[in-house]
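Hey, can you piece these two chains together into the complex? The hints should help.
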Amino acid sequence: LAKTTQPISMDSYEGQEVNITCSHNNIATNDYITWYQQFPSQGPRFIIQGYKTKVTNEVASLFIPADRKSSTLSLPRVSLSDTAVYYCLVGASNNAGNMLTFGGGTRLMVKP
Amino acid sequence: DVKVTQSSRYLVKRTGEKVFLECVQDMDHENMFWYRQDPGLGLRLIYFSYDVKMKEKGDIPEGYSVSREKKERFSLILESASTNQTSMYLCASSLPKISYEQYFGPGTRLTVT
Numbered sequence: 001l002a003k004t005t006q007p008i009s010m011d012s013y014e015g016q017e018v019n020i021t022c023s024h025n026n027i028a029t030n031d032y033i034t035w036y037q038q039f040p041s042q043g044p045r046f047i048i049q050g051y052k053t054k055v056t057n058e059v060a061s062l063f064i065p066a067d068r069k070s071s072t073l074s075l076p077r078v079s080l081s082d083t084a085v086y087y088c089l090v091g092a093s094n095n096a097g098n099m100l101t102f103g104g105g106t107r108l109m110v111k112p
Numbered sequence: 113d114v115k116v117t118q119s120s121r122y123l124v125k126r127t128g129e130k131v132f133l134e135c136v137q138d139m140d141h142e143n144m145f146w147y148r149q150d151p152g153l154g155l156r157l158i159y160f161s162y163d164v165k166m167k168e169k170g171d172i173p174e175g176y177s178v179s180r181e182k183k184e185r186f187s188l189i190l191e192s193a194s195t196n197q198t199s200m201y202l203c204a205s206s207l208p209k210i211s212y213e214q215y216f217g218p219g220t221r222l223t224v225t
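First to last, the sequence lines map onto chains Y and E. Be aware that the first sequence starts at 1, since it is given in the working numbering, and climbs by one per residue. Be aware that the second sequence starts at 113, since it is given in the working numbering, and climbs by one per residue.
Hints were generated in silico from the structure; no laboratory data involved. Keep in mind the model is a prediction, meaning the values are calculated, not measured. Glycine included, each C-beta is placed from N, C-alpha and C at the ideal position.
Only part of the chain E face toward chain Y is listed, based on derived beta-carbon distances under 10 Å:
1. V116
2. G152
3. A204
4. F216
5. P218
6. R221
Bound conformation, chain E alone (with noise of 0.2 Å):
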């Protein structure tokens, strides 16, 4: 059973600070993804990983950044949390090719105060 864990489900955070979310997957895919989920907007692309130390931008990546320094590993960061970062963040990870089906993670919800 593939399996993406997500380091927390629920999160509050002061603006400004910097804050990390974690995703780590276990079925050795070389894909990795970041999305934001908003009431109404569906889920956007934030950042997306296709191996180790590579990074792509999606369609919503001002404000943030990502490390993949394992394969199996693939971090978000909010350098300074504002408000409007008060989202569902997902994660999920895939096979080589965007075609292949995407394993979401049950998400976290990060609340910036």
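Just chain Y, with the same shape it has in the complex (with noise of 0.2 Å):
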């Protein structure tokens, strides 16, 4: 089982970039990494996921060195509404449910 870390918190400040690295030292060869953002009182929510390299959408960057023992998600310019808790998940791509994991969560703290 892929076990995954992050930092408990992080602080910043809006319009800064911020960059949360996960920690997934046991990745399998089939494993996708998946983050998830989740304000209080709602399920987490998908931003974005990435097998190797880099990934871009309208939201995010995913960065995956070679190795793939972790990966960081980076949130260009932040707004005071991007504080929530932010998720990394290491999961295989067959059927097997046991196979998901997902870190303890990183609070993100975005301050005026």
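Have a look at this one:
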């Protein structure tokens, strides 16, 4: 099982770029890396997913080095509304549900 | 718009009661999941279902069972609720690969007294 480790919390200011790193030393060959965002009293929401190198969408970028033992979620120019908990998820592309692992989450606080 | 709904936002039950948490999704997704979320522990997978009547244990299945009689509905059952099952319960659904995006419901905050 690929266990993940993330910082417990991070602080930032509006307009800054935020990078949150997730460590997953035991990632398996067919595992994907997915990031979710969660606001209070809501379920998590998908942000981005990748397998290797770099993935970018309208919300974030995901950087994955060649050894895939870590990944970095990059949020460009954060705003107050980006204050949330961010989860790193490592999972297999088959239907073995017990291969899913959520990290403990990183609580991002964006200050004015 | 994908919708995953859960039967209750808040639930209070007594120790020893049988508790049913219901989850319904409207996207014809094959996969459905039950998680619990506790402070400092993040989300932990309880059970997973990839088809009607099919289920797989997650990381913490003890004390729980599940039922999936219809594709759109996935129920979590606490046969005899205990205080250590007080938690936020989240249901999710996705297309048939684990790598696909999971859509979460709003959660049910269960308190067992």
